[in-house]
Amino acid sequence: MISLLGRAFKLTGGYIALPIDAAGITPTPVSFAGSGGWSEVIASTADEYMLCGVGWGLAVGSSTGRESEIEVGVGGSGSEVTVAAVSTSFATSANSCENMSWFTFPYKVAAGSRIAVRIKQNLSAAARNPQDIKVIVCKTSELVPL
Amino acid sequence: MRTIVGEYCLPDKAAGIAPSVPTNSSYGNPTWVELVASTPEDLLVVGVQFRGNGGSVLGQNVLCLATGGSGSETQISVLSIGSNQTNGSMYERNYTFPFGIFVAAGTRLSIAYRASSTSANLNRPTNVKLQVVSVASILPS
Chain A
1 MISLLGRAFK LTGGYIALPI DAAGITPTPV SFAGSGGWSE VIASTADEYM
51 LCGVGWGLAV GSSTGRESEI EVGVGGSGSE VTVAAVSTSF ATSANSCENM
101 SWFTFPYKVA AGSRIAVRIK QNLSAAARNP QDIKVIVCKT SELVPL
Chain B
1 MRTIVGEYCL PDKAAGIAPS VPTNSSYGNP TWVELVASTP EDLLVVGVQF
51 RGNGGSVLGQ NVLCLATGGS GSETQISVLS IGSNQTNGSM YERNYTFPFG
101 IFVAAGTRLS IAYRASSTSA NLNRPTNVKL QVVSVASILP S
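Line by line, the protein sequences are chains A and B.
The first sequence begins at 1 in the working numbering and counts up by one.
The second sequence begins at 1 in the working numbering and counts up by one.
No lab work stands behind these hints: they were computed from the structure.
Where hints are given, some of them may not hold.
Simulated restraints on C-beta separations [stated by the list, open to error]:
id, chain 1, residue 1, chain 2, residue 2, range
1, B, 96, A, 140, 14 to 24 Å
2, B, 56, A, 20, 23 to 33 Å
3, B, 70, A, 34, 25 to 35 Å
4, B, 127, A, 89, 45 to 55 Å
5, A, 43, B, 5, 28 to 38 Å
Taking lysine to any residue and the SDA-like style, the derived pairs with C-alpha atoms no more than 25 Å apart in a straight line are [claimed, not checked]:
id, chain 1, residue 1, chain 2, residue 2
6, A, 108, B, 47
7, A, 139, B, 134
8, A, 139, A, 77
9, A, 108, B, 1
10, A, 139, B, 108
11, A, 108, B, 108
All residues carry an ideal CB built from backbone N, CA and C; glycine is no exception.
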């Protein structure tokens, strides 16, 4: 079923990393039970997009293991709604490298939307967290049936 | 959907491609390196594979795909994004895209980085290969 959906379309354009040609976003983490903590990725999307994935790095710091979720939200400042979340977990400093998660089911984001990201995690110490977050999108207008 | 031939890699049965050292530290001016001179058939690029180069300079990178002849490449897609903060920390990656990127037969494909550093030793992906599938081999079920 998963492959059927994803492979029913082809992309005549390509994928776009937001923010475009700029450094990734590093929000200040909040606890799993916390609220807020959103950092803007883009103030207004130029087209209707499919949210297809997230990429990040891990900061160097404490060697204490940690589990985090990176959330992608859509909406104005203070009223963001989570539309996707990915999990990342590490144990040692040797894990401080890049990673990505490509979604099986992309999420449609209307043109003119504000996109933000935040980090939720199981420890409060701000030492080694996900950082340099970017989101991957494609234009829905460039998706055509196979 | 299914394929009657199966997915394969580009370059096909050959080593992956090492992109050039970035020449701009603000994610601009990518230096394209040919991945394949001419695609053998209409393809969908459905994934990418690479490993880390073991570099000691830390920073962010965006691996990009372009079409077009040498000197006139046009970026068509981002393939991966990342940030490395520990020397040589990066290892093998294999990503599958939700939608295959259509590339017509006879197309020259190139790859390049957009990065936060111009260091030759930037810790970044290398030995890049694409996972592709023949459009003609795809059947409804």
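Hint check results:
1. 96/B x 140/A: 14 to 24 Å: 20 Å Cβ-Cβ, so the 14 to 24 Å window holds.
2. 56/B x 20/A: 23 to 33 Å: Since residue 56/B and residue 20/A have Cβ atoms about 28 Å apart, the given range 23 to 33 Å holds.
3. 70/B x 34/A: 25 to 35 Å: violated (51 Å)
4. 127/B x 89/A: 45 to 55 Å: violated (26 Å)
5. 43/A x 5/B: 28 to 38 Å: violated (45 Å)
6. 108/A x 47/B: The given pair, whose Cα atoms are some 21 Å apart, holds under the 25 Å limit.
7. 139/A x 134/B: holds (23 Å)
8. 139/A x 77/A: holds (24 Å)
9. 108/A x 1/B: holds (22 Å)
10. 139/A x 108/B: holds (23 Å)
11. 108/A x 108/B: violated (31 Å)
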